[in-house]
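Participant: Given the sequences, and given the hints that come with them, work out the whole structure.
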Amino acid sequence: NAGVTQTPKFRILKIGQSMTLQCAQDMNHNYMYWYRQDPGMGLKLIYYSVGAGITDKGEVPNGYNVSRSTTEDFPLRLELAAPSQTSVYFCASSPERGSPDTQYFGPGTRLTVL
Amino acid sequence: KNEVEQSPQNLTAQEGEFITINCSYSVGISALHWLQQHPGGGIVSLFMLSSGKKKHGRLIATINIQEKHSSLHITASHPRDSAVYICAVLTQGGSEKLVFGKGTKLTVNP
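Listed in order, the protein sequences are those of chains A and B. Residue numbers for the first sequence follow the numbering used here, beginning at 1 and rising by one. Residue numbers for the second sequence follow the numbering used here, beginning at 115 and rising by one.
For the record, the hints were derived by calculation from the structure and aren't laboratory data. Everything numeric in this text was worked out from a predicted model, so none of it was measured. It is possible that part of the hints are untrue.
[Unchecked claim] Within a straight-line C-alpha distance of at most 20 Å, the following computed SDA-like cross-link-like pairs (lysine to any residue) qualify:
| id | chain 1 | residue 1 | chain 2 | residue 2 |
| --- | --- | --- | --- | --- |
| 1 | B | LYS219 | A | GLU59 |
| 2 | A | LYS44 | B | GLN206 |
| 3 | A | LYS44 | B | VAL141 |
| 4 | B | LYS167 | A | THR102 |
| 5 | B | LYS211 | A | ASP73 |
| 6 | B | LYS216 | A | ARG110 |
| 7 | B | LYS216 | A | GLU59 |
| 8 | A | LYS44 | B | LYS167 |
| 9 | A | LYS14 | B | GLY130 |
| 10 | B | LYS211 | A | TYR31 |
| 11 | B | LYS216 | A | TYR104 |
| 12 | B | LYS211 | A | ASN65 |
| 13 | B | LYS211 | A | LYS9 |
| 14 | A | LYS9 | B | HIS152 |
| 15 | B | LYS211 | A | ILE54 |
| 16 | B | LYS216 | A | ASP38 |
| 17 | A | LYS9 | B | GLY155 |
[Unchecked claim] Pair by pair, the computed Cβ-Cβ distance ranges are:
| id | chain 1 | residue 1 | chain 2 | residue 2 | range |
| --- | --- | --- | --- | --- | --- |
| 18 | A | GLY16 | B | LYS168 | 46 to 54 Å |
| 19 | B | LEU160 | A | GLY16 | 34 to 42 Å |
| 20 | A | LYS9 | B | THR126 | 28 to 36 Å |
| 21 | B | LEU160 | A | LYS44 | 30 to 38 Å |
| 22 | A | ASN28 | B | HIS152 | 39 to 47 Å |
| 23 | B | THR126 | A | ASP56 | 16 to 24 Å |
Glycine residues also receive a C-beta, built at the ideal position from the N, C-alpha and C atoms.
Facilitator: The following block contains the structure:
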């Protein structure tokens, strides 16, 4: 199993550009999450999904969109990139809520908006 | 005030020392996670706790639900334990969300 994969690893965007951060998992997990991590701050939840076709906002959803058309994929879309979106983005997945299994994190995408 | 507070923020230890990292939370939870983030940025989940104590190798995690407090202990610390340790709580209710602490940066010197 590859676990949770994210692409790209690094990206530099200009203000106003758009991009999609890709996330995929091959563990057949229902739950998937997108987090951002700013320097010196805890991870913040952007969006999450409890299954294909179901998404919901997290703590900091503004400026982002997601979709979940399959169990495996959970892309994060940035429209009109702003410097405030400079961060490291982590995708994660987990099986059912309350499961003794742990959350599995992707390696992260470091995004800089100039 | 953050819903999840960790202490200390930074911790430096000598190899072999016993390490304790604390996590306090102010919300109702159904579970608590301890995560490890290595200098390269990768995040690994160490434990998920809903009561009592768990042990994995040199790592021990405890939780006191009544006091809303958890501790992560590292016995016989080693330089390879140097990382940021993050506490996160799964809040009660219908939403499936983790609320994260800011992390404790541990440096273990040889």
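Participant: It remains to establish, for every hint, whether it holds in the given structure.
Facilitator: Status of the hints after comparison with the structure:
This hinted pair does not check out: LYS219 (chain B) and GLU59 (chain A) have alpha carbons roughly 24 Å apart, beyond 20 Å. Distance restraint check for LYS44 (chain A) and GLN206 (chain B): the Cα-Cα separation of roughly 17 Å lies within the 20 Å cut-off, and the hinted pair is therefore satisfied. Among the hinted pairs, LYS44 (chain A) with VAL141 (chain B) is consistent with the structure: their alpha-carbon atoms are about 16 Å apart, no more than 20 Å. Using a Cα cut-off of 20 Å, the hinted pair LYS167 (chain B) and THR102 (chain A) holds, with the two alpha carbons roughly 16 Å apart.
Taking the CA atoms of LYS211 (chain B) and ASP73 (chain A), the gap is near 19 Å; set against the 20 Å cutoff, the hint holds. Straight-line distance between C-alpha atoms of LYS216 (chain B) and ARG110 (chain A) comes to about 18 Å, which keeps the hinted pair within the 20 Å bound. Between LYS216 (chain B) and GLU59 (chain A) the alpha-carbon distance is near 15 Å, which keeps this suggested pair within the 20 Å criterion. With a C-alpha separation of about 27 Å, the suggested pairing of LYS44 (chain A) with LYS167 (chain B) is violated against the 20 Å cut-off.
Taking the CA atoms of LYS14 (chain A) and GLY130 (chain B), the gap is near 47 Å; set against the 20 Å cutoff, the hint is violated. Restraint check: the Cα-Cα separation between LYS211 (chain B) and TYR31 (chain A) comes to about 10 Å, which is no more than 20 Å; the hinted pair holds. A C-alpha spacing of about 19 Å is found between LYS216 (chain B) and TYR104 (chain A), which places the hinted pair at or below 20 Å, so the restraint holds. In summary, the hint linking LYS211 (chain B) to ASN65 (chain A) is supported, as the alpha carbons are separated by about 17 Å, within the 20 Å threshold.
The hinted pair formed by LYS211 (chain B) and LYS9 (chain A) fails the criterion: a straight-line CA distance of about 25 Å is larger than 20 Å. Taking the CA atoms of LYS9 (chain A) and HIS152 (chain B), the gap is near 16 Å; set against the 20 Å cutoff, the hint holds. Restraint check for LYS211 (chain B) and ILE54 (chain A): satisfied, since their Cα atoms lie roughly 15 Å apart, inside the 20 Å limit. Between LYS216 (chain B) and ASP38 (chain A) the alpha-carbon distance is near 10 Å, which keeps this suggested pair within the 20 Å criterion.
For the proposed pair LYS9 (chain A) and GLY155 (chain B), the alpha carbon gap of about 11 Å is at most 20 Å, so the pair holds. For GLY16 (chain A) paired with LYS168 (chain B), a C-beta distance near 48 Å keeps the hint of 46 to 54 Å intact. Roughly 40 Å separates the CB atoms of LEU160 (chain B) and GLY16 (chain A), a value that falls within the hinted 34 to 42 Å. LYS9 (chain A) and THR126 (chain B) have their C-beta atoms about 30 Å apart, which keeps the hinted 28 to 36 Å range intact.
The supplied range of 30 to 38 Å is broken by LEU160 (chain B) and LYS44 (chain A), whose beta-carbon atoms lie about 21 Å from each other. For the pair ASN28 (chain A) and HIS152 (chain B), the beta carbons lie near 27 Å from each other, so the given range of 39 to 47 Å is not met. Remark: the range hint 16 to 24 Å for THR126 (chain B) to ASP56 (chain A) is contradicted by a beta-carbon distance near 40 Å.
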